[in-house]
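A.B. asks: Listed here are the chains, written in short residue letters.
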Amino acid sequence: MAYVAIKGGAKAIEGSKLAYDFLRSRQGEGSQPLDTSTIENQLRLLHSRVISEGGVYHPKLASLAIKQAQGDTLEAAFALRAYRSTMPRLAETEAMDTSRMRITRRISSAFKDIPGGQMLGATTDYHLRLMRMELLDESAEAFMAISRSWFDGLDVAQIPDTFPKVLEGLRQQGLLAEAPHNPHQDLPFDITREPLIFPVPRSAALATMTRSEQGSLLALAYSNMRGYGDIHPTVAELRVGFVPVMLPHPISGKPMEIGEVEITECEVVAMYESDEQGGKPSFTLGYGACFGHNEVKAISMAILDRSLQKGMQGTPSNPSEDPEFVLLHIDGIDSMGFCTHYKMPHYVTFQSDMDRLRATQSKQAAEDQKS
Amino acid sequence: MNDEHFGFLDEYAKKEVRRATLKAVAIPGYQVPYSSREMPMGRGFGTGGLQLTLALIGRGETLKVIDQGSDDSVNAVNLRSFIEMTCPGIHTTCRTEQADLIQSRHRIPEKPLREDQLLVLQVPYPDALVVVEASEDKRKLLHGEADYSRLLVKLYEDIVKFSEITISHRYPTRINNHYVIDPSPIPRWDVPKLHQSPALILLGAGREKKIYAVPPYTQAIPLAFEDVPFRVEDFSDEQGQRRSCVRCGCNSSFLDEYVDSATGEQVYRCSDSDWCNQQLELQRRVEEVVEVANG
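Residue numbers (my numbering), protein chains in the order written: chain A, 1 to 371; chain B, 1001 to 1295.
Chain A on its own, in the form it takes in the complex (with noise of 0.2 Å):
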């Protein structure tokens, strides 16, 4: 009868769970289990995803997660997050000083010539999407000849270790608004301590967008940049590299170091506005940043930082100004719980539902026979 199938719960789930990890091995014999240093390394960008949309920067955990879940960037990122809630918050940082980053990549499409000048770096930006053919059977020599050859030729001391901030020039020629306050004076809002309740701060807004699911992010952004809003943004500057992370010494409470994390760090400067004390119009900024190497990802935060602070100023014109709008439906985490929850037994509700189209057809037959 189909009231069995709602029971013997805790069977059913013992064996679906063997059914999904059964399918992990069914490259059968003479396949390896995946290394979990092998994710980190050569699916680095979805590796990026995950830590940043884990919110957790933890490369070691982040590759398991990626392993366990099977490849899925949601699931990843959901056992980063659940990792996260059992671990207390000892210490905080100040905020990082990002122009001492450590950059492997760093381009500006505002301006032709930047100082220390473009970087390329890793990127497919201009790649010909052709199938690689011979990556279908690589030899092991193949691969470690790759990196063998990666310095030769190459003076390896005269390669800068950063360069300075390409907005710091506009800002010089009275382009751009000077920074509106020393960020160490104002505590950042901590969105994993204190729920959003808004209006919510600027640093409310980041840290939302820099967990969120990456589709997420880029479908409102891409609305705004296709006519929903009025951003225009050009980027200013968009790099990657390593972040020192700062912590005072436990016993000279000066600042050290204890390690590094990489990031993508992008800023566009938009549309520009008059003063609002009357004194000269100056460019509009927005800014993006998340752990890890998610270029699109911090292009659209970017860019919606932009439209949101635009929103809170007046009144949102469209989707992508709405700060409720936005910051309630890009964590992927959030949507895809309440997604797959669907797929749970709905029976009470559905049956208090028929009762009322019951209820609601036979007052209209009634009716209907009445005329």
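Be aware that one or more of the hints could be misleading.
Listed next, the in silico DSS-like pairs over lysine-lysine satisfying Cα-Cα at most 25 Å (straight line) [what the hints assert, rightly or not]:
| id | chain 1 | residue 1 | chain 2 | residue 2 |
| --- | --- | --- | --- | --- |
| 1 | B | 1161 | A | 370 |
| 2 | B | 1161 | B | 1140 |
| 3 | B | 1138 | B | 1023 |
| 4 | B | 1154 | A | 363 |
| 5 | A | 363 | B | 1161 |
Here are a few chain B residues that face chain A, going by a calculated C-beta distance under 10 Å [claimed, not checked]:
| id | residue |
| --- | --- |
| 6 | 1124 |
| 7 | 1186 |
| 8 | 1190 |
In case anyone wonders, no lab produced these hints; they're calculated from the structure. Ideal Cβ placement from N, Cα and C applies to all residues, glycine included.
Add chain B to chain A, keeping to what the hints say.
C.D. replies: Frame of chain A; chain B shown alone:
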């Protein structure tokens, strides 16, 4: 999972849930925001209720977990075994009367609760006003002013259009004459159980990050009109006879409707599986007594 400490969450997180709970009890029906943590199961699977349970349960206490009226359904099993795993020293039960704490999705047990019991309801949408106002910022104002006119207009429009109020479950309910709550997707059948309940009822929405409460012996009145009163689900058949459970014969419980796959007949069964089992047991005992009496 071997080195987790009691209750999965770190102590700061549990403390925050308890503080939000105290505030929720102090202001009946008010939705207290809290920074809901990610749990290792999907948001929307009961993470709000789970965080309440984990923050409130202690060693030696007894827990019951229900989903859709059943202790055995997949999600209830999953939640219960997670709580057992992370809270060593607690007991679990399927019996309503044995439980100190009951976490439930979509149902309030048929058996009346006692003062020493605590009911935690999982909530997908905490705000009853969401059907008439999309913005949370604006909804907060409406709640503050106890302005529920737009909800009443919605009910009125239903009557004009369909001659019936069409809200089936999660029926908006006014608590202590002020805040109107979404009582979680319990059927209308369960709404009267909120009113003057001897047990404390806590409602937790994990994804929407809200905790609210119906404290013991508090007014909980479903929104309605004098001439169109609140009605619960009707289980009478075409002849107007109250349908009964095919398993235990109870004709006073909320019923699940389904098609018997053998006969193709439409049959009804108690939605609350513990209630159904206890009714059966009672009958067995009565039969035994009758047999003994008849010698």
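A.B. asks: Taking the hints in turn, state whether each one holds.
C.D. replies: Hint-by-hint comparison with the structure:
no. : hint              : verdict
1   : B:1161 <-> A:370  : 17 Å, holds
2   : B:1161 <-> B:1140 : 29 Å, violated
3   : B:1138 <-> B:1023 : 22 Å, holds
4   : B:1154 <-> A:363  : 19 Å, holds
5   : A:363 <-> B:1161  : 11 Å, holds
6   : 1124              : 7 Å, holds
7   : 1186              : 8 Å, holds
8   : 1190              : 9 Å, holds
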